[in-house]
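Student: Single-letter residue listing:
There are 2 protein chains.
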Amino acid sequence: MSEKQNDKNQVFQTGRTTLVRRPERGRYDFPAIAAILDEAYICNIGFVLEGQPYVLPTAFGRDGHIIYFHGHLENHMLNVIGSGIPICFTSMILDGFVLAKSAFRHSMNYRSVVVLGRPKLVHDAEKQHALRVITNHVIPGRWEDVRTPTQEELDKVVVVKLAIEEASAKVRTGPPVDLDEDHGRDVWSGVIPVSQNYHAAHPAPDCGATAPLPKYAVNYTRPTGR
Amino acid sequence: MSEKQNDKNQVFQTGRTTLVRRPERGRYDFPAIAAILDEAYICNIGFVLEGQPYVLPTAFGRDGHIIYFHGHLENHMLNVIGSGIPICFTSMILDGFVLAKSAFRHSMNYRSVVVLGRPKLVHDAEKQHALRVITNHVIPGRWEDVRTPTQEELDKVVVVKLAIEEASAKVRTGPPVDLDEDHGRDVWSGVIPVSQNYHAAHPAPDCGATAPLPKYAVNYTRPTGR
Numbered sequence: 001m002s003e004k005q006n007d008k009n010q011v012f013q014t015g016r017t018t019l020v021r022r023p024e025r026g027r028y029d030f031p032a033i034a035a036i037l038d039e040a041y042i043c044n045i046g047f048v049l050e051g052q053p054y055v056l057p058t059a060f061g062r063d064g065h066i067i068y069f070h071g072h073l074e075n076h077m078l079n080v081i082g083s084g085i086p087i088c089f090t091s092m093i094l095d096g097f098v099l100a101k102s103a104f105r106h107s108m109n110y111r112s113v114v115v116l117g118r119p120k121l122v123h124d125a126e127k128q129h130a131l132r133v134i135t136n137h138v139i140p141g142r143w144e145d146v147r148t149p150t151q152e153e154l155d156k157v158v159v160v161k162l163a164i165e166e167a168s169a170k171v172r173t174g175p176p177v178d179l180d181e182d183h184g185r186d187v188w189s190g191v192i193p194v195s196q197n198y199h200a201a202h203p204a205p206d207c208g209a210t211a212p213l214p215k216y217a218v219n220y221t222r223p224t225g226r
Numbered sequence: 001m002s003e004k005q006n007d008k009n010q011v012f013q014t015g016r017t018t019l020v021r022r023p024e025r026g027r028y029d030f031p032a033i034a035a036i037l038d039e040a041y042i043c044n045i046g047f048v049l050e051g052q053p054y055v056l057p058t059a060f061g062r063d064g065h066i067i068y069f070h071g072h073l074e075n076h077m078l079n080v081i082g083s084g085i086p087i088c089f090t091s092m093i094l095d096g097f098v099l100a101k102s103a104f105r106h107s108m109n110y111r112s113v114v115v116l117g118r119p120k121l122v123h124d125a126e127k128q129h130a131l132r133v134i135t136n137h138v139i140p141g142r143w144e145d146v147r148t149p150t151q152e153e154l155d156k157v158v159v160v161k162l163a164i165e166e167a168s169a170k171v172r173t174g175p176p177v178d179l180d181e182d183h184g185r186d187v188w189s190g191v192i193p194v195s196q197n198y199h200a201a202h203p204a205p206d207c208g209a210t211a212p213l214p215k216y217a218v219n220y221t222r223p224t225g226r
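Taken in sequence, the protein lines are chains A and B.
Using my numbering, the first residue of the first sequence is number 1, and each one after it goes up by one.
Using my numbering, the first residue of the second sequence is number 1, and each one after it goes up by one.
A couple of the hints might just be wrong.
To be verified - If you want the footprint, here are the derived chain B segments under chain A, 3+ residues with CB under 8 Å:
| no. | region |
| --- | --- |
| 1 | 88-98 |
| 2 | 158-166 |
| 3 | 186-193 |
Keep in mind that the hints were calculated from the coordinates and are not lab data.
In this text, a Cβ means the ideal position worked out from N, Cα and C, and glycines have one as well.
Isolated chain A (complex conformation) (with noise of 0.2 Å):
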């Protein structure tokens, strides 16, 4: 399993972790893979189920060394996923198209991350607060702005959390690498990058005139790892 460092520089690679293809654009240590998943907020969590792999995209949130995603009770899958069986926990941040002179070297710019391991659910009080960890992680501050949760929406919710003890990260960035032969060639080459783009927001019909807009939604920003 993973080698550990220090708690600060801890390294997750494993023989399952390591990238086997383009290995000089894979990262292991804590700090990158925090970065990333700091700035993200969708995953994708691929478990397996009577054989069938499934995908579940989901927002989550990060504490520390812990991921945290949640879904309704009556998502059959969650308490699938949180039952202890291995899952595959991706998240992937796009960059850019990246357009080359030729075909065969036309790829993308992005920052992914992947965490495997056993998950377990979450009861109790740490269910609230990582609930709270998954709300500010997408909107900071917004937890301490709304009304929590009552024990009874509480029970409807299953929490699951993920060590990050087995991971990697993988990052390409910059220009398209053309054959030499090819440099020649008159076609345009270069990166078109992409963002997210978060808009001015809409009230919902119920707000109310008197509620102020708060900052994340006047100008909503991510912190960026770039």
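With the hints as your guide, set chain B onto chain A.
Tutor: Below, chain B alone, put in the same frame as chain A:
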């Protein structure tokens, strides 16, 4: 398996793709599924290797009822996926953050597609066709502008196809839905719309001054099914 109607309005609903939680968000007809696939271009492929699920984020293209994706020959995972094992294809477009007056009612607006199936490796003439489909799915018209792959390059690419036979789409739109008793709370509620932002293209160092900037690099846009 899938209950087939006519080709244009085929239905892909099975027990495994039927939404249990929030069934009103489910769509099972081909036009609904195709519209989401045509706006998206990143998917997450779930598969199992030695009992461990993995999720691979990658680009894809659609040609009728076929989804194509690809990778380098050295990417062992593509060969595993193409060996006929069951996979889960998932693609999601995020449309907004849904901020309710209670933590429990927070959500996201999104459109997602799940396709279950056993993909096949693509060979010979179909391989070049599939690469054209993928390239032009991400950047329409790009294939026609660049040098097409040599046989040596084609031999280095693994191309996989997945038939859309068992699938579902899931869509959430609109404002937050708060409990009646929360409507009077003096906290802002509403939607922060999210979309992809395509920025001004940067030419590569070897682009050359005479290569004309193509239309897709001046003002890149996607077809939208919204």
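Student: All hints are to be evaluated individually against the structure, with a verdict given for each.
Tutor: Here's how the hints hold up against the structure:
no. : hint    : verdict
1   : 88-98   : holds (count 6)
2   : 158-166 : violated (count 0)
3   : 186-193 : holds (count 8)
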